[in-house]
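A.B. asks: Based on the hints, put chain B in the right spot on chain A.
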Amino acid sequence: MFSYILRRVLQMIPTLAGVILLIFFLFKWFGGDPADIMVGLSATKSQIASIRTQLGLDRPVLEQLWIFVQQIFTFNWGKSWATNEAISDIFATRLPVTLTVMIPILILEVVLSIVAGMAVAYVRGSLADRTVMLISTVALSISFLVYIVVGQYVFAFLLGWFPVQGWSDSLWKNLTTYAPLPVFLAVLVSLAPGTRLYRSFFLDELGHDYVRTARAKGVSENAILFKHVLRNAMIPILTNVATQLPGVFIGSFLIEAFFSMPGLGREVLTAVNRSDYPVIQAVTVYLAALTMVINLVTDVLYKFVDPRVVLK
Amino acid sequence: MSLDVLHDLPQSPGVWASAWKRLRNNRVGMVSLAITLVFIAMVVLAQLGLLAKDWQKEVGTAFAPPHFVGRIVDGSQTAVVEGAQGPAVDISDIDPLAPRYQEWAERAAQFKTAAAEKSETLPLGGDQLGRDVLSKVIKGAQVSITVGLLAALFATIIGTVLGAIGGYFGGKVGDFLEWVYNVFTSIPYILLMFSVAAVLKSGPLAKVFTSGVWTVIIILSVVGWTGIYRLVRAEYIKHRTREYVRAAEAIGASHASRMFTHILPNISHVVLVQLSLHVVSFIKAEVILSFLGLGVPLDMVSWGTMLTEAQAELVQGKWWQLLAATAFMATFVTAFALLTDALRDALDPKLR
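Chains as they are written, first to last, in numbering that gives the first Met the number 0: chain A, 0 to 311; chain B, 0 to 351.
Only chain A is shown next, with the shape it has when bound in the complex (with noise of 0.2 Å):
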């Protein structure tokens, strides 16, 4: 055990560096020049000059890919180029904001597809069957923001029951006055196609020999479904929620964008529309290192999950 998750730590090291050469590459060379973006277009030469020295834009570039890792492992990325606040700041505030809205969002989504999926597994072939079948395809045809739109139309607009948008600094009143909403909402969506996924887990597993051997001799339905069936279909499941995880931190730029929440993705995206390389450049680092370590986790997790998993 311990020397697969060596050998796994090691394979990492090339592909972050894979990710590190990418991302500083292609802002490198296809990315507009700091200079430029950060004082605009009345700058005087000497204010360019300046500001080229402060990065070390003048430097040869293998140098100026030494500070992009150093800046990387020491975790200091100086200030945003747009609002001049320390980047590691930005993590700092922004995270909390998406983490309370993404990790509801996340349980609900799981648990209830998951419940969804089984029944509908359970009663397959059935006229309820194909009618949640047919309503998903439908439903995942119509765009994610439709549904925000018309959600936030109807339930805060309308009827009132939640605020427009809005965010405060008390964890509980966010929890219970800001956040239900988008969480409602985004737990709608992912259901439909979250049921169709887990709907074919739970049916590739009723399709083996020991369901039939376990109805055979006698073990009642419900114990066939939780106690066979759902820990067989522990793994899909696993690597469902593992792929959706990074999303987690990175939040749902949409939901943000809507909701107006100071949140991470939201961070994000107004960088990329002032071109605020820093920010994009180290959440994505970050991110990318993040995903490669929820993948080990996950591939250690299938052991405990399922014993007939050989690491190697």
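Heads up, none of these hints are tricks.
Listed next, the in silico BS3-like pairs over lysine-lysine satisfying Cα-Cα at most 27 Å (straight line):
no., chain 1, residue 1, chain 2, residue 2
1, A, LYS226, A, LYS302
2, A, LYS27, B, LYS200
3, B, LYS200, A, LYS44
Stretch-level coverage of chain A by chain B, calculated; a stretch enters the list once three of its residues show a Cβ under 8 Å from a Cβ in chain B:
no., stretch
4, 137-145
5, 251-257
6, 275-285
These aren't lab readings, by the way, just hints derived from the structure by calculation.
Cβ atoms here follow ideal geometry from the backbone N, Cα and C, with glycine treated the same way.
C.D. replies: Same frame as chain A, but now just chain B:
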């Protein structure tokens, strides 16, 4: 002599002929194919300028409701300005401009002004400027579907070529491409899109791709090739040692010829299904990118920009643009997704 014998043998239908036969038996598949073809025809006609050419013309009053709703008569939507109270004061003797009114009136009379006929209702309603929503939604279909198709095409080409090289040659080249794949997939999809968007927005390439449509296409295809690469690579690994490829090698076919004229047709069904799956997801992505201001510019119209406008309109109770864009998009996307399912069933050799 021997040729005649060959002709007399019963011909076995080709892959595509038998796939078409299976697709024809699939009723859902045929209906979605018909709907898709209608949309494609609409796109082509709009592209040629035969349809919805005047989408920018302000043919109706602002927010003209759809025909089936009828004219809004209560007028509650417009604020009424109260008339001035008290007697009107004659200020012509102190008005410094008074002597010139006559002259201006004469000069104005030299120009013909025609009051534009503005209809009070439009087939699917009008937007804020009184533009016809029906024309807009057709023009929007043209832009959105073109973006989706082209981006999917480019992503498929990138993914197929890289997957072919990686799977066929393997070894060092394959390892290198696997590394590139790992790098691309370890960065969350949306962040990679944002990074490319940021670079295209302010970098030197911004001057090359001035039309925003190309920006979206590039963003989507640069980010979206990875899944196709993976599948195509797996297929090439499976096929490269098969007898027919060895036979091609024996008769002296080059690597490129073996890769693209021998193997590629045999895996084209995988590529085709991937292509159409990506069309659907890219059309949906275009909508979101346009809303975020990273996609189609505002002087063009796509389903995404229509939904963006609709957000502000809905609060004023003008729901028709939202409904039209959503309905058109949902119809096309559903039809295309069902068609893809039908295609997969028809082309998948395992189901035979």
